[in-house]
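S.K.: Letter by letter, the chains look like this.
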Amino acid sequence: MAVDRRAEEQKLIALMIAYQKGDMDAFTGLYEALKRPLIRYLWTFVRNQTMAEDLLQETFLQLHRARQTYTPPRPVRPWIYAITRHVALMHLRSMRRRKEFLPDEDLPEVPVPPEMDQLADRATVQRLLGTLPRASQEVLILHHLLGMSFEEVGQIVGITSGTAKVRAHRALKKIREQLAEGGARDEP
Amino acid sequence: MSLDSIPNGLREAIESDFQPVHPLHPAWIRTILAVAILAVVLAFVLAKASLRTDIDQLPLWLSWGCSALQLVLGVLLIGLALREAIPGEGIPGGAIRIAAVTALAVQIFVGVATSIYSPAIAMPGSGIAPGIGCFKHEIAMALPTFVVTLWLVFRALPLRAPTAGLLGGAGATVGSDAVIHLLCPMSNLSHVLVWHTGAVVLFMALGWTAGAIWERIRWRTGA
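Chain order of the listed sequences is A and L. Here our numbering is used: position 80 in the first sequence is 80, and no number is missing along the way. Here our numbering is used: position 141 in the second sequence is 329, and no number is missing along the way.
Just so you know, the hints here were simulated from the structure itself, not pulled from any lab data. Remember, predicted model here, so these are calculated numbers, not experimental data. Just so it is clear, CB atoms sit at the ideal spot from N, CA and C, and this is done for glycine as well. Please note that a few of the clues may not be correct.
Computed cross-link-like contacts, DMTMM-like style, restricted to lysine to aspartate or glutamate with a CA-CA straight-line distance of at most 25 Å [what the hints assert, rightly or not]:
no. : chain 1 : residue 1 : chain 2 : residue 2
1   : A       : 35        : A       : 177
2   : A       : 35        : A       : 9
3   : A       : 35        : L       : 203
4   : A       : 165       : A       : 25
5   : A       : 174       : A       : 151
6   : A       : 11        : L       : 277
7   : A       : 21        : L       : 203
8   : A       : 35        : A       : 23
9   : A       : 35        : A       : 58
10  : A       : 165       : A       : 177
11  : A       : 21        : L       : 242
12  : A       : 173       : A       : 151
13  : A       : 35        : L       : 205
14  : A       : 35        : A       : 4
15  : A       : 165       : A       : 151
16  : A       : 21        : L       : 205
17  : A       : 11        : A       : 23
18  : A       : 21        : L       : 200
19  : L       : 324       : L       : 242
20  : A       : 21        : A       : 9
21  : A       : 35        : L       : 200
22  : A       : 165       : L       : 277
23  : A       : 35        : A       : 54
24  : A       : 165       : A       : 23
25  : A       : 11        : L       : 203
26  : A       : 35        : A       : 8
27  : A       : 11        : A       : 25
28  : A       : 21        : A       : 32
29  : A       : 11        : A       : 58
30  : A       : 35        : L       : 242
Which bits of chain L does chain A cover? Going by a derived footprint, with three or more residues having C-beta under 8 Å, they are [said to hold, decoys possible]:
no. : region
31  : 198-210
32  : 380-392
Based on the sequences and whatever the hints tell you, model everything.
M.R.: If you want it as structure tokens, here you go:
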């Protein structure tokens, strides 16, 4: 698993270096490799699939304009996710300014983190995941779902790795508590 | 929208501006550039001006020691600003608050300690006029480093641009005050707090504002 992740990161670094040298195929490779996890991450901000897909395009435009700020051979994913996060936050800020609201949707096509998958049926966990504050949900998704280390999560979100760990732990605990409460209510 | 391939609009936008780029140098190398400007300005001023009249009354740790401390702190703050300008390398919020508070605390500490060790020395005409003089010198010395630091910050992609600007402003002025501390003959606390620390606060505010303006323009136009 760790070897896979290292190999995946090495592949992203190679693509990013080629992209900086002007290789369009490398950009396509990055897009292919990252589009789905980035959609999942963007969803935690906008909770709307169509908007997340629109923001994915905006994210790749911003990545393109800032491609010189990636310094090889640093890990690519914290760099990309930090920009993605900023695109989402800027969008939310602009929506708030314009007083626009999008209807929340159920999380589409997004697998549930394995730790939570064992807790209850998928639909319940997805619903509970959606009730968490965005900051907690973001850390959970980055770590448990997208496989980032807490150090990487900290670099993306702008917090220490310890704070990221505490947020993820508290979020999981809250889901467990909600499940326990729900279970107790369901019992005859 | 299908996720299976790059959407046409995105592909066209990328292809219209597709050329090789050189990666930015790491933050520590870019810090050296900003610090080189600071070093040249400070060395020039130190060579031209005479040291404060009460320098012999101050213990070594308070004169040259505190000056060195301010210089190191200034360099660190500039380094933090330039690191903050790279996506994914941002500094945790707590560390930023500590850095900003430390910059002000060191200024206040130097002012208080100097007034304790050299209470009797006060230049004739102490008040607003010499204060404005110090303030102008501080601004003139910090400005080149401040401008270069902000230029380096905004050439990258600071995701918290006001924060990066604030750190850059603090670094440029705290670094400049390292030499002003050795030159300014006024040791009364009110002078140091109002005019010297005031300059630090002013540049922090200017950096923050410049960052906020840059952020608004950058993310509105996508320039």
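S.K.: Give a verdict on every hint.
M.R.: Hints versus structure:
Simply put, residue 35(A) and residue 177(A) have alpha-carbon atoms about 33 Å apart, too far for the 25 Å limit, and the pair is violated. Proximity of residue 35(A) to residue 9(A) is assessed by CA-CA distance (about 15 Å); at most 25 Å being required, the pair is judged to hold. Taken as a hint, the residue 35(A) and residue 203(L) pair is honoured in the structure, with Cα atoms around 18 Å apart against an allowance of 25 Å. About 37 Å separates the Cα atoms of residue 165(A) and residue 25(A), which puts this hinted pair outside 25 Å; it is violated.
For the hint linking residue 174(A) to residue 151(A), the alpha-carbon distance of about 22 Å falls within 25 Å, and the restraint holds. Note on residue 11(A) and residue 277(L): the hinted pairing holds, with a Cα-Cα distance of about 21 Å set against a maximum of 25 Å. At most 25 Å may separate the alpha-carbon atoms for a hinted pair to count; residue 21(A) and residue 203(L) meet this at roughly 14 Å. Annotation: proposed proximity of residue 35(A) to residue 23(A) holds, straight-line Cα distance about 18 Å (limit 25 Å).
Distance hint between residue 35(A) and residue 58(A) is fulfilled; the C-alpha atoms sit about 12 Å from each other, no more than 25 Å. Restraint check for residue 165(A) and residue 177(A): the C-alpha separation of about 18 Å stays at or below 25 Å, so the hint holds. With a C-alpha separation of about 59 Å, the suggested pair residue 21(A) and residue 242(L) falls outside the 25 Å cut-off, and the hint is violated. The hinted pair formed by residue 173(A) and residue 151(A) meets the criterion: a straight-line CA distance of about 21 Å does not exceed 25 Å.
The hinted pair formed by residue 35(A) and residue 205(L) meets the criterion: a straight-line CA distance of about 21 Å does not exceed 25 Å. Proximity of residue 35(A) to residue 4(A) is assessed by CA-CA distance (about 19 Å); at most 25 Å being required, the pair is judged to hold. A C-alpha spacing of about 9 Å is found between residue 165(A) and residue 151(A), which places the hinted pair at or below 25 Å, so the restraint holds. In summary, the hint linking residue 21(A) to residue 205(L) is supported, as the alpha carbons are separated by about 13 Å, within the 25 Å threshold.
Distance check on the hinted pair: residue 11(A) and residue 23(A) sit about 15 Å apart at the alpha-carbon level, within 25 Å; holds. The straight-line distance between the Cα atoms of residue 21(A) and residue 200(L) is roughly 18 Å, inside the 25 Å bound, and the hint therefore holds. Note on residue 324(L) and residue 242(L): the hinted pairing holds, with a Cα-Cα distance of about 22 Å set against a maximum of 25 Å. Restraint check for residue 21(A) and residue 9(A): satisfied, since their Cα atoms lie roughly 18 Å apart, inside the 25 Å limit.
A distance of roughly 18 Å separates the Cα atoms of residue 35(A) and residue 200(L); the hinted pair therefore holds under the 25 Å criterion. Taking the CA atoms of residue 165(A) and residue 277(L), the gap is near 18 Å; set against the 25 Å cutoff, the hint holds. Straight-line distance between C-alpha atoms of residue 35(A) and residue 54(A) comes to about 12 Å, which keeps the hinted pair within the 25 Å bound. A C-alpha spacing of about 38 Å is found between residue 165(A) and residue 23(A), which places the hinted pair above 25 Å, so the restraint is violated.
For the proposed pair residue 11(A) and residue 203(L), the alpha carbon gap of about 23 Å is at most 25 Å, so the pair holds. Restraint check for residue 35(A) and residue 8(A): satisfied, since their Cα atoms lie roughly 14 Å apart, inside the 25 Å limit. Between residue 11(A) and residue 25(A) the alpha-carbon distance is near 13 Å, which keeps this suggested pair within the 25 Å criterion. Between the alpha carbons of residue 21(A) and residue 32(A) the distance comes to roughly 19 Å, so the proposed pair stays at or under 25 Å and holds.
Taking the CA atoms of residue 11(A) and residue 58(A), the gap is about 23 Å. The hint holds against a cut of 25 Å. Note on residue 35(A) and residue 242(L): the hinted pairing is violated, with a Cα-Cα distance of about 65 Å set against a maximum of 25 Å. With a cut-off of 8 Å between beta carbons, the region 198-210 of chain L has 10 residues touching chain A; three or more are needed, and the interface restraint holds. Only residues whose C-beta sits within less than 8 Å of a C-beta in chain A count toward coverage, and the region 380-392 of chain L has 0 of them, not enough to reach three; the restraint is violated.
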